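Chains A and B, in that order, give the protein sequences. Going by the numbering used here, the first residue of the first sequence is number 1, and it counts up by one from there. Going by the numbering used here, the first residue of the second sequence is number 1001, and it counts up by one from there.
The set of hints was computed from the structure by calculation and includes no laboratory data. Keep in mind the model is a prediction, meaning the values are calculated, not measured. Heads up, some of the hints might be wrong.
Claimed, not checked - Derived PhoX-like pairs: lysine-lysine, alpha-carbon spacing no greater than 20 angstroms straight-line:
#: 1; chain 1: A; residue 1: 31; chain 2: A; residue 2: 109
#: 2; chain 1: A; residue 1: 208; chain 2: A; residue 2: 109
#: 3; chain 1: A; residue 1: 31; chain 2: A; residue 2: 307
#: 4; chain 1: A; residue 1: 318; chain 2: A; residue 2: 307
#: 5; chain 1: A; residue 1: 318; chain 2: B; residue 2: 1015
#: 6; chain 1: A; residue 1: 318; chain 2: B; residue 2: 1150
Said to hold, decoys possible - Quick list of simulated restraints, FRET-style, between CB atoms:
#: 7; chain 1: A; residue 1: 317; chain 2: B; residue 2: 1266; range: 41 to 51 angstroms
#: 8; chain 1: B; residue 1: 1262; chain 2: A; residue 2: 70; range: 22 to 32 angstroms
#: 9; chain 1: A; residue 1: 220; chain 2: B; residue 2: 1312; range: 47 to 57 angstroms
#: 10; chain 1: B; residue 1: 1010; chain 2: A; residue 2: 70; range: 38 to 48 angstroms
#: 11; chain 1: B; residue 1: 1093; chain 2: A; residue 2: 57; range: 14 to 24 angstroms
Stated by the list, open to error - Some residues of chain B that are not near chain A, with every Cβ distance over 10 angstroms (derived):
#: 12; residue: 1028
#: 13; residue: 1035
#: 14; residue: 1105
#: 15; residue: 1137
#: 16; residue: 1141
#: 17; residue: 1153
#: 18; residue: 1154
#: 19; residue: 1171
#: 20; residue: 1178
#: 21; residue: 1179
#: 22; residue: 1242
#: 23; residue: 1270
#: 24; residue: 1298
Positions of the beta carbon are idealized from the N, C-alpha and C atoms, including for glycine.
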Amino acid sequence: MTFNLKTALIASTAVMGAASGAFAQEQGTMKIGITQNNVGVDSYQTTYERAFIEAAEANDAIDAVVLDAGGDVARQIAQIEDLIQQEVDAIIIWPTNGEAVIPAVRKAKQAGIPVVITNSNIAEPGFDFISSFSGPDNITQGARAAEIMCDKFTDMGIQDEAQIVQISGQPGYTTAIERAKGFEDRLPEVCPNVTLVETQPGDWSREKSQTVMEAFLVKYDDIDGVYAGDDNMGVGALNAARSAGRDGIIFVGATNFSVGYEAMARGEYWGSIYQSPVDDAEAALKTAVDILEGEELPFLNYFDTPKITQDNMDQFDKPVF
Amino acid sequence: MATITRSTITNVLAKQGILIAFVLFIIGFGLANSRFLAVDNVLGVIRSSAILGVIALGVTFVVISGNLDLSVGSMMSFSTIVVLDLHDKLGPLMAIPAMFALTMCLGAFIGFLVGYLKLNSLIVTLGMLSAIHGLTLTWSGGKNMDIADKQGTWFGIFGRGDVLGIPVPILFFALLAIVLSILLARTPFGRKVYAVGGNGTAATFSGIPRARIVFLSYVISSFCVACAGLLQASRSLGSQNTVGQGLELEVLAAVILGGASLLGGAGTVFKTVIGVLILGFIQNGLLLVGLAFYVQYVVTWVIIILAVWLDIAAKRGRFLSPIA
Chain A
1 MTFNLKTALI ASTAVMGAAS GAFAQEQGTM KIGITQNNVG VDSYQTTYER
51 AFIEAAEAND AIDAVVLDAG GDVARQIAQI EDLIQQEVDA IIIWPTNGEA
101 VIPAVRKAKQ AGIPVVITNS NIAEPGFDFI SSFSGPDNIT QGARAAEIMC
151 DKFTDMGIQD EAQIVQISGQ PGYTTAIERA KGFEDRLPEV CPNVTLVETQ
201 PGDWSREKSQ TVMEAFLVKY DDIDGVYAGD DNMGVGALNA ARSAGRDGII
251 FVGATNFSVG YEAMARGEYW GSIYQSPVDD AEAALKTAVD ILEGEELPFL
301 NYFDTPKITQ DNMDQFDKPV F
Chain B
1001 MATITRSTIT NVLAKQGILI AFVLFIIGFG LANSRFLAVD NVLGVIRSSA
1051 ILGVIALGVT FVVISGNLDL SVGSMMSFST IVVLDLHDKL GPLMAIPAMF
1101 ALTMCLGAFI GFLVGYLKLN SLIVTLGMLS AIHGLTLTWS GGKNMDIADK
1151 QGTWFGIFGR GDVLGIPVPI LFFALLAIVL SILLARTPFG RKVYAVGGNG
1201 TAATFSGIPR ARIVFLSYVI SSFCVACAGL LQASRSLGSQ NTVGQGLELE
1251 VLAAVILGGA SLLGGAGTVF KTVIGVLILG FIQNGLLLVG LAFYVQYVVT
1301 WVIIILAVWL DIAAKRGRFL SPIA
């Protein structure tokens, strides 16, 4: 029995080695563990997990351990400790909380295991313990949204008088803060005469955003544009404008969802930022593999999130989420 | 003559303290922003509050019978997702009754656990909060649920339509409030709900089937949740899995604000409606005034405490009521 097992192990290692080139011949397979934030809570995370597993299976040199923290910080810390015990070669973490996971990340670093943070970064005190961050650049996303909005106003000839409102993501979330900052910093550079009259949070919720927009529409007679922190909130605001009969408002969002894509196809929603969970997952896995193969990587290893508007949407597939 | 008038006024004050608080806030916000009282805005706020309101009507029954229901938020997410999914699979005509049946099964299950197994309602519904959320995610696979053909369906009439200029959700809310108000205040069943919550032992000795009353109050609550899910789904024609998240606490706040006792036995449907409207108008009023959101959290709390205190002060006829 023992003999059989040993033979099988040797045989499989040899097959893997032959299949996957020089690295694998020296080291065997790469065992990469991932602990995700909360799979199943939204379509983005669901699609991310599927894409990650597919990418890992497509590469014979990778042996992936895929875990999910279910949004629970304590469970995620336990999972990181488990992965350290299993002596994986690298750990990928989608943090449930940017502060609370730092001690566990430090433990991994002390055990000599490189850590890659995916999607949303941990807080700065933890930067010393991680090898790289792989994810979207939310400041650039905000800045690009400002450019999309400004370009459209310039086309319409209202770049000197337009008034806009902003519906931001959940207060306290890094993604929400960075997108708002990117937008607010870039807008006066490209369109100095456009006024941002008010910002209120929509908490990533379509319903909350719709309620906020209804109040904006009552309060301001003249709204030319709305910037929403993601398309879900953007479509909520669009619903409010449509039921109030206020046409001609330019809606720009981020993280193009299928509802946003459809509204763009109908000509009701102007533009967004295309962020694919498939790219996100593949970038995280590639970052981990590159680190294990000894490549030099930038500390903030962003994947590209291009602008999408009614004009160029035919170059993009409809998002699956 | 004069004394009669005065005692009448005191009586009205004591009974309707929360209504007076409500009117005061409306006047205050109306002075702060002239658009607050515009017809469009008022209709808009009531329409937005209708979803919370419809749920609060049902929870009023549960609270008066002396129990809690913390599962209504995730139950509403469930009914919203289910009706949207079935809309494309079965068509709207079949999807709506199917969703009501499924949601009311959940309510009946909770009612069975609390009424017939005598389990603590806080524990049961807190557990159901996560369990139903899990059920919703399993149903949808974590994906947002959207109706494919948004232009070609009549399903939007519940959330988006209007009759003679009044939005349908408001009519729905009003109609349900009237029916449930009659059920609670004018029928033997309603009186039994008060009796069970007010003094359970006395109710038993009076021959009231306590278990059945508690069971039915949860079924009513889940029926209201299903109505709210229908309004929500019809209003946005698409939804996230977390659409009702956190709603259970807002609903409880509205019911308690309306004067229902957490210990059971007291409360009315009308006062719950006032509680719902206070919460809705505070949110809208603060947005119109344009305070930063972190200030809004604090001010919301201040206004709620002010309302509760005004209610109690009017009931007791004095401002200070120290614990003695």
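Results of checking the hints against the structure:
no., hint, in the structure
1, 31/A - 109/A, "holds (16 angstroms)"
2, 208/A - 109/A, "violated (41 angstroms)"
3, 31/A - 307/A, "violated (35 angstroms)"
4, 318/A - 307/A, "holds (14 angstroms)"
5, 318/A - 1015/B, "violated (58 angstroms)"
6, 318/A - 1150/B, "holds (17 angstroms)"
7, 317/A - 1266/B: 41 to 51 angstroms, "violated (58 angstroms)"
8, 1262/B - 70/A: 22 to 32 angstroms, "holds (31 angstroms)"
9, 220/A - 1312/B: 47 to 57 angstroms, "violated (39 angstroms)"
10, 1010/B - 70/A: 38 to 48 angstroms, "violated (55 angstroms)"
11, 1093/B - 57/A: 14 to 24 angstroms, "violated (43 angstroms)"
12, 1028, "holds (17 angstroms)"
13, 1035, "violated (5 angstroms)"
14, 1105, "holds (23 angstroms)"
15, 1137, "violated (5 angstroms)"
16, 1141, "violated (6 angstroms)"
17, 1153, "holds (14 angstroms)"
18, 1154, "holds (16 angstroms)"
19, 1171, "holds (16 angstroms)"
20, 1178, "holds (25 angstroms)"
21, 1179, "holds (26 angstroms)"
22, 1242, "violated (7 angstroms)"
23, 1270, "holds (24 angstroms)"
24, 1298, "holds (13 angstroms)"
Going down the numbered hints, you'll see the structure goes against 2, 3, 5, 7, 9, 10, 11, 13, 15, 16, 22, while the others check out.
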